[in-house]
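Colleague: So the chains spell out like this:
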Amino acid sequence: MERLGIVALALLAVVVQTTLMPGFPGAGALMDLVLLLVIFFALQRGTTLGIWMGFVLGLIQDAAGGGPLGLNAVALLGVAYLVGLMRARLFKENYPAQVMVVVALTFFHQFLMFYWLNTVMDASFGIGDWLRRALIMSCSHALVGPFLFHWLATWIAGDDVYQHLIAGDSQSRRRFFKRFV
Amino acid sequence: MSDFFWKWRREILFSLLIAIALGLLISQRKPDFFSQSIRQGITLVMAPLQKISTGSFARVRSLAHTLSTLGSLKSENLSLRQQLEALKLANLRLLEQAQENGQLREQLGYKQRQKWKFVPAEVIGRDPASWLETVVVNRGSADGIRLGAGVVTPEGVAGRVSDVQLYAATVMLLSDVQSSVATAVERSRVPGTVKGMGTRTLSMVHVAGGDDVRAADTVVTSSVSSIFPPGLPVGEVTQVASSENGLMLSVRVKPRVNFQTLDHLLILQAEE
Numbered sequence: 001m002e003r004l005g006i007v008a009l010a011l012l013a014v015v016v017q018t019t020l021m022p023g024f025p026g027a028g029a030l031m032d033l034v035l036l037l038v039i040f041f042a043l044q045r046g047t048t049l050g051i052w053m054g055f056v057l058g059l060i061q062d063a064a065g066g067g068p069l070g071l072n073a074v075a076l077l078g079v080a081y082l083v084g085l086m087r088a089r090l091f092k093e094n095y096p097a098q099v100m101v102v103v104a105l106t107f108f109h110q111f112l113m114f115y116w117l118n119t120v121m122d123a124s125f126g127i128g129d130w131l132r133r134a135l136i137m138s139c140s141h142a143l144v145g146p147f148l149f150h151w152l153a154t155w156i157a158g159d160d161v162y163q164h165l166i167a168g169d170s171q172s173r174r175r176f177f178k179r180f181v
Numbered sequence: 001m002s003d004f005f006w007k008w009r010r011e012i013l014f015s016l017l018i019a020i021a022l023g024l025l026i027s028q029r030k031p032d033f034f035s036q037s038i039r040q041g042i043t044l045v046m047a048p049l050q051k052i053s054t055g056s057f058a059r060v061r062s063l064a065h066t067l068s069t070l071g072s073l074k075s076e077n078l079s080l081r082q083q084l085e086a087l088k089l090a091n092l093r094l095l096e097q098a099q100e101n102g103q104l105r106e107q108l109g110y111k112q113r114q115k116w117k118f119v120p121a122e123v124i125g126r127d128p129a130s131w132l133e134t135v136v137v138n139r140g141s142a143d144g145i146r147l148g149a150g151v152v153t154p155e156g157v158a159g160r161v162s163d164v165q166l167y168a169a170t171v172m173l174l175s176d177v178q179s180s181v182a183t184a185v186e187r188s189r190v191p192g193t194v195k196g197m198g199t200r201t202l203s204m205v206h207v208a209g210g211d212d213v214r215a216a217d218t219v220v221t222s223s224v225s226s227i228f229p230p231g232l233p234v235g236e237v238t239q240v241a242s243s244e245n246g247l248m249l250s251v252r253v254k255p256r257v258n259f260q261t262l263d264h265l266l267i268l269q270a271e272e
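Heads up: the protein sequence lines correspond to chains A and B, in order.
Counting along the first sequence from 1, when you hit position 87 you're at 87 in our numbering, and nothing is skipped either side.
Counting along the second sequence from 1, when you hit position 25 you're at 25 in our numbering, and nothing is skipped either side.
With the rest of the complex left out, here is chain A (with noise of 0.2 Å):
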């Protein structure tokens, strides 16, 4: 069951990416829901999850936008790899460690993007090209990243925040708010 709810909710990121997102003129390059996606399942659920995830949600991400085939699975696989190694010395559940995590990964994430456009599909981006996008959408994943991370981590991922939440007792609980305050 759960693991249909990550499926259901892995299609909805990119239909939302695909479709909605551009509706609102600036919001596809304000927000990648995919991304924030692989990054929260990789450093909640492990590095092979994440892999798996970045690699099927990037082709999808591909075909159903109209880009190159390949082109998010790559960077989506490095960001998923990149977590991977990280993951073992990152307090995931700490607000600002999240916000750090999540700005560094925007940058590699773009730039990674930036990368393999220009090397293999020759087109000719500058630095301040990746500076631009990277920082805009870094800043609002900043911003919004931790709560998604909050709401996956309560709703679809069952980890240790329901069992604070739910399953543990008064002081589990106000040690469970204390973070975010």
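Keep in mind that the hints were calculated from the coordinates and are not lab data.
Glycine residues also receive a C-beta, built at the ideal position from the N, C-alpha and C atoms.
Treat the hints loosely; a few may be bogus.
Computed footprint of chain B on chain A, listed as stretches where at least three residues anywhere in the stretch have a Cβ under 8 Å from a Cβ of chain B [as the list claims (entries may be wrong)]:
hint	region
1	70-76
2	107-120
If the Cβ cut is set under 8 Å, some of the chain B residues that face chain A in the computed set are [stated by the list, open to error]:
hint	residue
3	17
4	35
5	39
6	42
7	46
8	50
9	126
10	131
11	134
12	163
13	166
14	178
Let chain A serve as the given structure and place chain B on it in line with the hints.
Modeller: Structure of chain B alone, referenced to chain A:
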């Protein structure tokens, strides 16, 4: 041996998938059967979902627009009726002139101009990465769409078909960095190539230093173009600057089409 695979399972999986993804990406320069099949398979599943999503969003937007303009609907209706009558008359005159033009060309022994028909298409998806300016439309090879076909809107040139699947096609918009179209300045007939810059401005290149191009000039498709009929509006010149050595002009063009709000397109098909 199995310990080795277990220890390095993530690295092995990552290497395998990254090799496949890179292979697919490199093959996009000249898409092969394998990558086309993957794209086709994904599009077959995703296109209906995207259509539902786009349709629902369009209905909500239309409802909001209707509610906000409820008061002015009567006067707008009257004005549109008047416009329709005027356009009907103009269309009759144009048809008459086109017929006369055809007859004259025939008498002078000119080659008859290519006739075009338009296939209406709906935008169902957009490139989510924002690096590329592409949209996916709900028409494909099953509707007779061919690779490289020109795409327009009532406002002007929008782009060209860059990939075709069975029931969907990818359109590379004029604003994409890899897009280019043969054009001419309508007033002075100065030729040039309009290229996308990945932003809301286009660039007209290959314009010689002494050529007569001014701000506010209209840029239209050239008769050299094989995918667009001549005379279709592309945009207006906003800025003209001379290069350092004065040999070439740097011309900025504001596109007629608003690429952000595209929802319906017309795909050109040459009549046999």
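Colleague: What hints, given by number in increasing order, does this structure fail?
Modeller: Hint 13 contradicted; others consistent.
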